[in-house]
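What follows is each chain in one-letter form.
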Amino acid sequence: MLEVRNLYAGYGKKEIARDISFKVNGGEILTLIGQNGSGKSTILKTLSGHLRPLSGDIIIDGRPLLSMRREERAKAVSAMLTDRPGTDMMTCRDVVETGRHPYTGTFGLLGPADKESVREAMRLTDTEELAESRFSEISDGQKQRVMLARAVCREPKVLLFDEPTSFLDIHYKLTFLYMIDRLRKEKKIAVVMSLHETELAAKISDSVMLLKNGVCTGLGSPETMLGRDRLMEHFDLSEELYDRYHG
Amino acid sequence: MNKRILFSFILLAALTLIFLLLGVSAGSADISPAELMRVLMGRSSDGTAALILLKIRLPRTLAAFVLGGALALSGYMLQTYFHNPIAGPFVLGISSGARLMVAVTLVLAARGALRLGSALMAGAAFFGALISMMAVLLASSKIKNMSMLVVCGVMIGYICTAITDIIVNFADDSDIVNLRGWSIGSFSGMKSDQLIVAAAIVFISLAASVFLSKPISAYQLGESYAVEMGVNIRAVRIAIILLSSLLSGCVAAFAGPVSFVGIAVPFLMKMLLGTAKPLCMIPACFIGGGVFCIISDIIARTVISPSELGISTVTSVLGAPVVLMIMLRKKKNNA
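Heads up: the protein sequence lines correspond to chains Y and C, in order.
Residues in the first sequence are numbered consecutively from 0, following numbering that gives the first Met the number 0.
Residues in the second sequence are numbered consecutively from 0, following numbering that gives the first Met the number 0.
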């Protein structure tokens, strides 16, 4: 279980997200909804260890994130980032195997247990047949699935996604979210993600947090958070604009 | 995959052996292979042959191997650090910085301010390499665009070269005769005690690099992924940059500026191995660089024998086309 209490996050002195609190149980999805600059990425980067929290607590299965060593944290939390990975000459299996990094020894060689986790993750993400293909030569949708396998083979307690579907077409968007949906149930992983697509968020999330200018303006079930009035207010949409988009 | 890597290392080992022997047997004095074997086994009765082989050719060939390996490895580390396949000690102006400090040292020595010795020359070159490296690092904290950073390194190189030229203009020819010799670059004239010092530095750096191969493989994915994987990114960056400075400084100190090895060899090794995994690339670059420089050195001292070509002349002819290939290949991948 992931619990965040009164988290203030940002870069150095610059406070971007303020007083954020939530709980996500293993197997549940929390989706962060908000405009660009509302603090979604900052919160995710703080959970993934890229930013130090300015104040507040992040607790994973009863242990504070800040008390963990780097490798322990990496074992507990894996993230799919928006940056493109540098994968010179790497096959898809090589890319997935990098997910086991916190478990491997001095020279980073994978043992039988690591290889089994990699195989399992590739099976669950339908990427087995890509194993020997060069990562640079596959499509964006396939890349996203390989990166998902990479994140999952670590067997984390918490999985983070920063706009995982941004560059995908509708077919890949749906298959990708369906995969996340299946994985978190099967592996009992707590998922926190940011999404722009509110319709998809409504289908997949157990809870939704609305963020505006770094402040939480609502946390609850997708039905209450993503209703017509609430969304119109949240995204500063006029009635006409909203109906044209959702009608 | 694994078969290919195994085959590559067997090939590299065979090439090392062949060219070490060729390197020792090539030269203006005619020594038969049979005599060569006798000398190497310590059973020779020909004193002159033994002297030439053990005091001149063997140290020179070993120096070419060790320093060539160091060059290729430092190039590989710099390319990893900057995420740029054409970064290298020569391109980033590190060799020019070393040359500048050597020139300053020679002029100061001529004025009687310093006592000239090979240790001092080596120290000056090393110091100069470090200063250029610092300048490049300083620039890299401001410049995020990698091709601009390479241009920046080239500019730092030009500035160092210009200052060196000014110093040379004001110095007497006799004072800077050593600079000219140093600037051409050569693996000759290394005494065995210097060779031991160089080999110690290089092999320690090589071992350290191998032990860093796990975090380096994380770093290759990009810094944010490395952090996500639990790597202490600052420590890794410092380790990479220290090792590559140490290696290229060591080469600059003992062999002078040697161009293109640091870029060409890692690329060739990547093509040979079919992987960019640091655990394979680090030893392969070292051995490959060593072989590359033994071959270059053999060419340098046999083509216009009894005179010699500068080592950089040969490595440029062999290495620059590879750099062109890298850029053409990159273009194709982007298209």
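Hints are computed from structural coordinates only; laboratory data are not their basis.
Hints are not guaranteed to be accurate.
Straight line, CA to CA, 20 Å or less: simulated EDC-like cross-link-like pairs of lysine to aspartate or glutamate [stated by the list, open to error]:
#  : chain 1 : residue 1 : chain 2 : residue 2
1  : Y       : LYS186    : Y       : ASP87
2  : Y       : LYS186    : Y       : ASP56
3  : Y       : LYS114    : Y       : ASP125
4  : C       : LYS276    : Y       : ASP113
5  : C       : LYS2      : Y       : GLU131
6  : Y       : LYS74     : C       : GLU222
7  : Y       : LYS184    : Y       : ASP125
8  : Y       : LYS156    : Y       : ASP228
9  : C       : LYS276    : Y       : ASP205
10 : C       : LYS276    : Y       : GLU2
11 : C       : LYS276    : Y       : ASP60
12 : Y       : LYS202    : Y       : ASP228
Structure-based check of all given hints:
Proposed proximity of LYS186 (chain Y) and ASP87 (chain Y) is contradicted: the alpha carbons are some 31 Å apart, above 20 Å. Between LYS186 (chain Y) and ASP56 (chain Y) the CA atoms are separated by roughly 25 Å; this puts the pair beyond 20 Å, and the hint is violated. Between the alpha carbons of LYS114 (chain Y) and ASP125 (chain Y) the distance comes to roughly 16 Å, so the proposed pair stays at or under 20 Å and holds. Of the supplied pair hints, the one linking LYS276 (chain C) and ASP113 (chain Y) holds, its CA atoms being roughly 18 Å apart against a limit of 20 Å.
Between LYS2 (chain C) and GLU131 (chain Y) the alpha-carbon distance is near 15 Å, which keeps this suggested pair within the 20 Å criterion. About 18 Å separates the Cα atoms of LYS74 (chain Y) and GLU222 (chain C), which keeps this hinted pair within 20 Å; it holds. Using a Cα cut-off of 20 Å, the hinted pair LYS184 (chain Y) and ASP125 (chain Y) holds, with the two alpha carbons roughly 17 Å apart. A distance of roughly 35 Å separates the Cα atoms of LYS156 (chain Y) and ASP228 (chain Y); the hinted pair therefore is violated under the 20 Å criterion.
For the given pair, LYS276 (chain C) sits about 40 Å from ASP205 (chain Y) by alpha-carbon distance, which is inconsistent with the 20 Å threshold. Of the supplied pair hints, the one linking LYS276 (chain C) and GLU2 (chain Y) is violated, its CA atoms being roughly 37 Å apart against a limit of 20 Å. Using a Cα cut-off of 20 Å, the hinted pair LYS276 (chain C) and ASP60 (chain Y) is violated, with the two alpha carbons roughly 35 Å apart. Among the hinted pairs, LYS202 (chain Y) with ASP228 (chain Y) is consistent with the structure: their alpha-carbon atoms are about 18 Å apart, no more than 20 Å.
Checked against the numbered hints listed earlier, the structure breaks hints 1, 2, 8, 9, 10, 11; every other hint is satisfied.
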